[in-house]
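Novice: Here the structure of chain A is known, so what remains is to put chain B in place on it, guided by the hints.
In order, the protein sequences belong to chains A and B.
Counting in our numbering, the first sequence runs from 1 upward without gaps.
Counting in our numbering, the second sequence runs from 162 upward without gaps.
By construction, these hints were calculated from the structure, which means they are not laboratory data.
Treat the hints with caution; some may be incorrect.
Here are the in silico distance ranges between beta carbons for each label pair [to be verified]:
#: 1; chain 1: B; residue 1: Lys210; chain 2: A; residue 2: Thr15; range: 17 to 23 Å
#: 2; chain 1: B; residue 1: Val182; chain 2: A; residue 2: Arg80; range: 46 to 52 Å
#: 3; chain 1: B; residue 1: Ala232; chain 2: A; residue 2: Ala94; range: 51 to 57 Å
#: 4; chain 1: B; residue 1: Glu251; chain 2: A; residue 2: Ala16; range: 41 to 47 Å
#: 5; chain 1: B; residue 1: Ala232; chain 2: A; residue 2: Arg30; range: 45 to 51 Å
All of these numbers come straight from a predicted model, not from anything done at the bench.
Glycine is no exception: its CB is placed at the ideal position from the N, C-alpha and C atoms.
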Amino acid sequence: MSDDGAPAEEERFLTAYDEIAAELCDRVRRAYDVPGSWHDRIWAAGWAAMRFLQEDPARARFFVVEVHGAGSCAQAHRDRILQGFAELLDAGRAMLEDPASVSRCTAEIIAGAIHGTLLTKIQNGCVDRGEDFLPELVYMATMPYLGPRAAEDELLVQPLR
Amino acid sequence: MSESRSLSERLAKTPPGHHLVPRDFVSRNQRERMLLATAELVAERGYQKTTIELIAKTARVALVTFYEHFASKEECFLAAFDESVAAAAEVFGELLDPEQAWPEQIASGLEIFLEMVVTEQARARLCIVESQAAGAAALARYQAMLESVAPKLREGREFNPRASRLPDGLEVAIAGGLAWLIHQRLVADKVYDIKALLPEMLQVTLTPYIGEVEAGQAADAAQARVAA
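The following block holds chain A by itself, in its conformation from the complex:
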């Protein structure tokens, strides 16, 4: 990346990025929108996202890691994806006795936490072992809405391979 910026290069990156994002979001949304409890839908969405990332580790690295350093526009595109995931998490407020006690900020914090964890895992080449750390992502997703005790039970789940 040159010091004075490289808009054309960023545009090419964004085109490829948006294609991947569209496919990921479509698969996650279809998995999430099946009938069932919010908890089950979060697991389904998590599985769909993990499978997508595992299918092509190079694509996963491009999508999750290389977006950093691709410019402010790329960051904005990444942020839109994360905000979309925050929407799925925010629906967990319905599980609370008083849904109004928590705002959408909580979902944003959790989306950021999950993204940061995925970033580190992919940087470290661990996405092929996604089944091992998917429970900790679900723990983070459910902790504010199901409570810490119930969320901790997610950590005991042994996902089928």
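Specialist: Relative to chain A, chain B alone:
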């Protein structure tokens, strides 16, 4: 905060021009002006659109002076990042009371963090927003910054009898989540009411360790302080 002057004020000491002062003082001051200029320019224009020429011009130094201090824009950016994080760590060190109970330390720490975001927005943008768009080295600095918070958060595990179940990376994840929440407010220029986020940030941070009831009580206490 006990320090009334902002970081920017503390750094903007000697103006440019000829001075009968030691050369190393002038050199240090020039470096500080360039770091400050970098933070301001990157906050305003983004890292990609900030040029070495602009940094030099804003800092009122010659280009040759820039290259006496830094080999590249990236090196300057990383130095600005390191300086900002070090300054923030100094503030935390001055203001945090290690004798406080752990939940109160976390509440104080978050409160200080939000205050710094409000009073040093350019540096906050540099560290939290632009570091994620400025290449691999800057991203590594950002991740190291999150990791530096983890030990203090991890102390909370002593309050959870089932702490051995908690993910190893939980504390870094929480730090990253809190940072992303603030990242979004910085990007949207919605920093003016950022302190109102404290109670919910605290609730999410403390719940894994002390449970939702006690975390809620701590959040309520924080809410009362914010409202006061």
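Novice: Looking at the structure, which of the earlier hints fail to hold?
Specialist: Violated hints: none at all, because every hint is consistent with the structure.
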